[in-house]
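Novice: Here the protein sequences line up with chains A, B and C, keeping their order. Sequential numbering from 1 applies to the first sequence in the numbering used here. Sequential numbering from 1 applies to the second sequence in the numbering used here. Sequential numbering from 1 applies to the third sequence in the numbering used here.
Treat the hints as calculated values from the structure; they're not laboratory data. Mixed in with the good hints there might be a few duds.
Claimed, not checked - Calculated pairs, DSBU-like style, for lysine-lysine (alpha carbon to alpha carbon, straight line, at most 35 Å):
#, chain 1, residue 1, chain 2, residue 2
1, C, Lys53, B, Lys298
2, B, Lys146, A, Lys46
3, B, Lys178, B, Lys37
4, C, Lys31, B, Lys271
5, C, Lys82, B, Lys300
6, B, Lys312, C, Lys3
7, B, Lys313, C, Lys202
8, A, Lys15, A, Lys41
9, A, Lys32, B, Lys271
10, A, Lys32, B, Lys147
11, B, Lys285, B, Lys237
12, C, Lys24, C, Lys3
13, B, Lys149, A, Lys15
14, A, Lys46, B, Lys298
15, C, Lys202, C, Lys82
16, C, Lys21, B, Lys312
17, B, Lys149, A, Lys41
18, A, Lys38, B, Lys298
19, C, Lys24, B, Lys37
20, C, Lys25, B, Lys37
21, B, Lys312, C, Lys202
22, C, Lys202, B, Lys300
23, A, Lys177, A, Lys32
Stated by the list, open to error - Listed next, the stretches of chain A that the computed footprint assigns to chain B, with coverage defined by at least 3 CB atoms under 8 Å from CB atoms of chain B:
#, region
24, 48–54
25, 69–76
26, 91–104
27, 126–140
28, 155–162
As the list claims (entries may be wrong) - If you want a taste of the chain B side facing chain C, the calculated C-beta under 7 Å gives, among others:
#, residue
29, Ser40
30, Arg43
31, Ala44
32, Gly45
33, Ser302
Every residue gets a Cβ at the ideal spot worked out from N, C-alpha and C, and that includes glycine.
Take a look at the letters that make up each chain.
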Amino acid sequence: MSITYLDAIRAAQEKALRDDPSVFIYGQDVGKFGGAFKATKNLAEKYPGRVIDSPISEDAMVGLAVGAAMEGMKPVVEMQFADFSTVGLNQMLNHAATTYWRTGRPCPMVLRLPSGGTPGSGPFHSQSMETIYSHYPGLVVMTPATVEDAYSMLLEAIGMEDPVVFCEHKLLYYHLKAEALPSEAVPAFRAHVARPGRDVTCVAYSAMVHEALAAAEELAGEGHEIEVVDLRTVKPLDTDTILASVARTGRLLAVGESWPWGGASAEVVARVASEGFELLDAPPQRLNAKDTPIPYHPNLWAAHRPTAVRIAAALREVLRY
Amino acid sequence: MATRTAGAVRRSTSASPDDSWENFGRAMLRARFAEDKLASLYRAGRIVGGVYLGRGQEALSAAGGVALRKGDVFAPLIRDMAGRLAFGEPLIDVMRTYLGSRLGPMRGRDGNIHRGDLARGILPMISHLGAMVSATAGVLLAKRMKKEKGSVGLTCLGDGATSTGSFHEGLNVAAVEKLPLVVVVADNAYAYSTPKDRQFACADLLDRAKGYGIEGEGVDGTDPEACLNVLGRAVQKAREGSGPQLVVGRLLRLCGHGEHDDGLYVEKDLKNSERGRDCLGVMEKMTQDRGMGKDWEKWKESAHQEVEEAVKKASEEPVPDPFEEDWRATRTQGAAEAWVEE
Amino acid sequence: MAKEITMPALSPSMTEGVLAKWHKKVGDTIKPGEVIAEVETDKATMDLEAYDKGTILQISAPEGSKVAINGRIAIVGEPGEKVDSFSAPAPVASANPTAKTATSSAPAPAAVAVPAVTAVNMGRVKISPLAKKVAAEKGVDVSRVAGTGPGGRIVRRDVEGAGGGPGRVSVGIFGGKPIAQDGIRPVSQMRAAIARRLVESKTTAPHFYVEREVDAAPLAKLRASANAALEMAGEKLKLSVNDFVLKAAVEALRRVPGVNCSWEGASIRQHGAVHLAFAVALPDGLITPVIRNAHAKDFRTIAREAKDLGAKAKAGKLQPEEYTGGTFTVSNLGMIGVERFSAILNPPQAAILAVGATVKKPVVASNGAIVPGERMSLTVSADHRVVDGLMAGEFLKALVEVLESPGVLLM
Chain A
1 MSITYLDAIR AAQEKALRDD PSVFIYGQDV GKFGGAFKAT KNLAEKYPGR
51 VIDSPISEDA MVGLAVGAAM EGMKPVVEMQ FADFSTVGLN QMLNHAATTY
101 WRTGRPCPMV LRLPSGGTPG SGPFHSQSME TIYSHYPGLV VMTPATVEDA
151 YSMLLEAIGM EDPVVFCEHK LLYYHLKAEA LPSEAVPAFR AHVARPGRDV
201 TCVAYSAMVH EALAAAEELA GEGHEIEVVD LRTVKPLDTD TILASVARTG
251 RLLAVGESWP WGGASAEVVA RVASEGFELL DAPPQRLNAK DTPIPYHPNL
301 WAAHRPTAVR IAAALREVLR Y
Chain B
1 MATRTAGAVR RSTSASPDDS WENFGRAMLR ARFAEDKLAS LYRAGRIVGG
51 VYLGRGQEAL SAAGGVALRK GDVFAPLIRD MAGRLAFGEP LIDVMRTYLG
101 SRLGPMRGRD GNIHRGDLAR GILPMISHLG AMVSATAGVL LAKRMKKEKG
151 SVGLTCLGDG ATSTGSFHEG LNVAAVEKLP LVVVVADNAY AYSTPKDRQF
201 ACADLLDRAK GYGIEGEGVD GTDPEACLNV LGRAVQKARE GSGPQLVVGR
251 LLRLCGHGEH DDGLYVEKDL KNSERGRDCL GVMEKMTQDR GMGKDWEKWK
301 ESAHQEVEEA VKKASEEPVP DPFEEDWRAT RTQGAAEAWV EE
Chain C
1 MAKEITMPAL SPSMTEGVLA KWHKKVGDTI KPGEVIAEVE TDKATMDLEA
51 YDKGTILQIS APEGSKVAIN GRIAIVGEPG EKVDSFSAPA PVASANPTAK
101 TATSSAPAPA AVAVPAVTAV NMGRVKISPL AKKVAAEKGV DVSRVAGTGP
151 GGRIVRRDVE GAGGGPGRVS VGIFGGKPIA QDGIRPVSQM RAAIARRLVE
201 SKTTAPHFYV EREVDAAPLA KLRASANAAL EMAGEKLKLS VNDFVLKAAV
251 EALRRVPGVN CSWEGASIRQ HGAVHLAFAV ALPDGLITPV IRNAHAKDFR
301 TIAREAKDLG AKAKAGKLQP EEYTGGTFTV SNLGMIGVER FSAILNPPQA
351 AILAVGATVK KPVVASNGAI VPGERMSLTV SADHRVVDGL MAGEFLKALV
401 EVLESPGVLL M
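Start from the sequences and build out the full structure, keeping to the hints where you can.
Specialist: See below:
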């Protein structure tokens with residue numbers, strides 16, 4: 001039985017709807033149509049009144065969720081594309097994220113963001129938004145890279161008291177498959193060593209984990225063992241796991257699909273430079289997409305984001321030390 | 001009538017709102033005196049941050065507050081001291097927030113008009129105008145999903161706030177969901193210094209109701225009796241399932257945008273027109289006409305006393321201590337990262 | 001108990017206010033809520049209300065003065081109370097100074113000495129944080145460690161040593177000191193000129209090379225006896241191998257004059273005179289002084305001029321006419337032990353002779369036996385646009401003949 005990353009997301013939502021009557025799903029086209037990516041297929045039928053179509057109003061969608069969460073429900077809001085969530089940014093950053101701080105009452109909601117680039121998706125259907133949401137205090141930001149994590153972390157997110165931004169990668173939706181859903185969950189806030197190594201710590205998240213693993217494979221052929229760390233959640237950052245890894249390797253490359261300035265990769269580098277200074281045998285580096293809007297043409301797009309080839313080249317540079 | 005201590009407002013034990021003339025009048029008086037006191041304290045340098053008053057808008061605001069009942073949700077905005085007090089916000093919470101007592105509802109983390117109390121059904125506003133419309137709608141949607149029947153949500157804003165995308169999206173979604181939401185627009189002709197003709201092009205804000213497919217009614221915001229009737233009607237309609245209701249009250253601010261502002265940009269003719277009359281003065285006359293002139297005097301005295309007591313009490317309370325503060329913005333274990341401070 | 005009345009913040013953006021008007025003076029009583037003054041803020045003129053009650057004991061900010069937020073404007077207390085327990089109020093600036101300028105001049109930024117960026121090691125050891133820590137733990141002296149990281153940075157492996165030994169890196173008797181001071185130096189005029197000319201020569205002239213070894217024994221014998229004769233005659237001049245080579249080159253050119261040419265693009269210039277250049281090594285490069293009209297000079301003259309010009313070259317005193325205009329160049333690295341090399345043409349000359357050291361080696365005698373011999377390598381680089389292989393070979397043949405029967409050189 002083969003389960004895709006998207007199937008896992010649907011399965012998690014179904015389980016949540018089944019187990020907790022306070023959960024409901026809200027988004028454009030999520031009802032009968034089952035969602036633009038079919039993440040809620042058949043759920044409206046099975047759970048009438050709890051999978052609700054919204055108008056094209058990202059501000060009101062998130063605002064509605066905040067109010068509903070204040071009143072004790074657990075809304076799961078699906079943005080059609082992460083890129084559109086900027087319209088609702090105010091409600092997420094200034095309302096959802098400040099509610100617990102200002103009132104002492106948490107705001108349990110999940111914002112699901114279909115994120116990341118696919119060939120031809122262009123500047124407004126490809127963005128990775130984890131940096132912006134991580135910067136404001138009060139939110140949890142998850143970036144699952146595997147089918148198992150898409151399932152268990154979404155369940156954990158829905159059950160969490162705090163507002164969670166759940167960044168799902170569109171490239172992984174249909175292509176990443178697993179044999180079965182996990183029976184045990186690894187806590188969301190823990191990073192995972194996806195591939196152990198000894199020579200460089202390559203920290204990545206979401207689709208970049210797979211690129212990093214491919215780069216590690218290539219370098220293994222050259223006699224270098226690259227340790228790949230899958231962050232799983234970028235806020236909070238599992239600094240302990242990252243530092244333990246750098247303690248083993250002495251070298252760091254942080255990879256992210258988002259833009260360089262102040263990204264999650266930059267945050268990893270800053271922390272390791274500051275808290276793990278004496279562990280470093282080489283300057284800590286990061287590799288990100290080019291600092292331009294995401295191009296449409298597949299040729300340009302492929303050159304814009306980090307790939308296994310670019311990651312391998314960056315790893316070789318770090319290995320000079 | 002049950003006896004009461006100075007300033008305590010009797011909340012109904014039954015499910016009906018306390019829209020009695022007394023509750024209404026006292027809310028307006030308490031609001032006016034509390035705000036006069038706040039203005040005075042501000043000018044004496046005792047208040048940190050901004051002070052924004054609702055002077056001149058007490059009738060419209062209080063009318064909304066008295067029409068609601070326990071279990072409803074109220075999302076006030078800037079000039080709703082009267083509505084808050086009518087809905088049951090304790091005056092001590094007001095003074096605690098302004099005077100910086102750490103015992104206030106926001107514990108120093110937010111201040112002045114942003115105060116709220118979710119346990120009482122008062123939503124703490126965020127500064128971005130229009131944002132509270134969809135949030136209030138969300139509360140109502142949740143109540144519906146929990147099968148709670150008969151609750152109403154009421155949110156207030158000014159003419160300027162109706163220009164925001166948030167207002168539009170929020171009211172639209174409330175209409176689509178047919179939620180029992182009453183949106184009260186206090187049309188005081190100015191958003192800070194911006195006059196109406198720079199804010200919108202429609203002749204009357206009430207026309208917008210049609211655009212959203214909802215009902216609406218206008219009211220003279222300086223006429224307390226009219227306000228009581230219109231708000232009562234709107235809340236009732238919403239409660240009965242007629243969907244969102246828009247109420248547009250015409251009035252003027254009788255103060256600056258904030259206490260730092262002298263409001264000299266308001267056109268003199270407008271200021272001196274009927275629209276610029278003081279609703280409290282009208283209320284006094286109306287109360288006297290009902291033969292309750294003596295009560296009015298008692299209400300005034302009680303209000304003054306209540307305000308003084310609240311100010312005194314709050315002034316003596318401790319302020320927030322940054323060293324005792326729990327500097328975490330999330331509740332989940334491990335979600336707030338341990339930052340190395342020193 | 002006397003208390004200060006301070007300037008309140010009457011608007012969020014206010015940093016200071018002007019005390020526009022006092023409604024009270026010293027000795028007046030005030031009570032809470034009473035308007036005691038008017039304050040001009042950045043937005044409007046506002047009433048200032050009292051919070052305390054008492055008697056004004058001091059007006060600290062006179063009308064018209066500007067006071068910062070929280071600055072003292074008055075003191076209130078009981079009548080007759082002393083106010084000297086308070087320190088002097090914060091200085092108030094007059095609101096309308098006559099010398100007020102529209103823009104305040106910012107102080108000129110302090111001249112920041114920007115250190116010259118050089119890659120010269122300023123005495124600090126380039127080392128990674130991890131290596132530094134490991135070195136400290138193991139007691140390794142990092143100044144003696146050779147770094148194998150980029151830029152010579154010491155990294156962990158350098159400090160830990162290969163093969164997992166006890167930690168000390170074996171650096172030999174010379175220690176881990178760099179072989180030279182890391183650094184950069186600007187290109188001198190001479191270096192630039194050499195670079196320019198030789199790049200042009202090497203990339204435009206099609207060089208080809210012909211080579212022979214000459215039997216250096218006859219030359220050695222002749223030189224020895226000539227030097228002995230000079231010494232006996234009390235002459236200071238001592239003849240070097242190269243002196244003979246120079247003269248030999250001239251004779252070879254006399255026999256194969258086609259080599260004494262220059263490429264001029266559309267034509268080839270045949271030089272009737274031999275202006276013989278020879279390479280002299282200098283601290284910063286090399287220079288080729290020219291013995292003019294060498295074809296018309298005897299051996300002794302050539303030898304003497306070679307010495308004089310060589311000395312002048314080393315002293316940096318050559319005049320332009322002394323190092324330009326050569327038609328053929330001889331370059332000798334024999335004194336440093338180079339056995340064989342090929343030189344780069346000295347443009348616009350068509351040929352150059354590279355001479356190596358005399359080497360003892362087994363040679364085949366005329367009777368077929370292997371005997372010890374002395375051989376000196378001669379390599380001619382020629383410009384194939386002007387000189388072909390045969391002619392180059394003929395020139396070399398002539399050179400060898402002259403050098404192996406060197407008596408003619410003394411004529």
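Novice: Is C:Lys24 within 35 Å of B:Lys37, Cα to Cα?
Specialist: 22 Å, holds
Novice: Given the hinted pair A:Lys177 and A:Lys32, is their alpha-carbon gap at most 35 Å?
Specialist: 26 Å, holds
Novice: Checking one constraint from the list: CA of B:Lys149 to CA of A:Lys15, max 35 Å. Satisfied?
Specialist: Distance ~28 Å between B:Lys149 and A:Lys15 Cα, so the pair holds.
Novice: Test coverage of the region 48–54 of chain A by chain B using CB-CB distances below 8 Å; three residues minimum.
Specialist: Our answer is that it holds, as 3 residues pass the Cβ test (under 8 Å) against chain B, meeting three.
Novice: Below or equal to 35 Å on CA atoms is what counts here, so check C:Lys24 against C:Lys3.
Specialist: 16 Å, holds
Novice: Does the alpha-carbon distance linking B:Lys313 and C:Lys202 stay inside the 35 Å limit?
Specialist: 97 Å, violated
Novice: Tell me if the straight-line CA distance from C:Lys31 to B:Lys271 falls inside 35 Å.
Specialist: 32 Å, holds
Novice: Is the interface hint satisfied for B:Ser302? The criterion is a beta-carbon contact with chain C at less than 7 Å.
Specialist: Violated: closest Cβ of chain C sits about 19 Å from B:Ser302, beyond 7 Å.
Novice: Given the proposed pairing of C:Lys53 with B:Lys298, does the C-alpha separation stay at or below 35 Å?
Specialist: 27 Å, holds
Novice: Straight-line Cα separation of C:Lys21 and B:Lys312 no greater than 35 Å?
Specialist: 30 Å, holds
Novice: Below or equal to 35 Å on CA atoms is what counts here, so check B:Lys178 against B:Lys37.
Specialist: Violated. B:Lys178 to B:Lys37 sits at ~41 Å, over the 35 Å cutoff.
Novice: Taking a Cβ-Cβ distance under 8 Å as contact, does the region 126–140 of chain A have three or more residues in contact with chain B?
Specialist: holds (count 4)
Violation of the numbered hints given earlier is confined to hints 3, 5, 7, 9, 14, 15, 18, 21, 22, 33; the remaining hints are satisfied by the structure.
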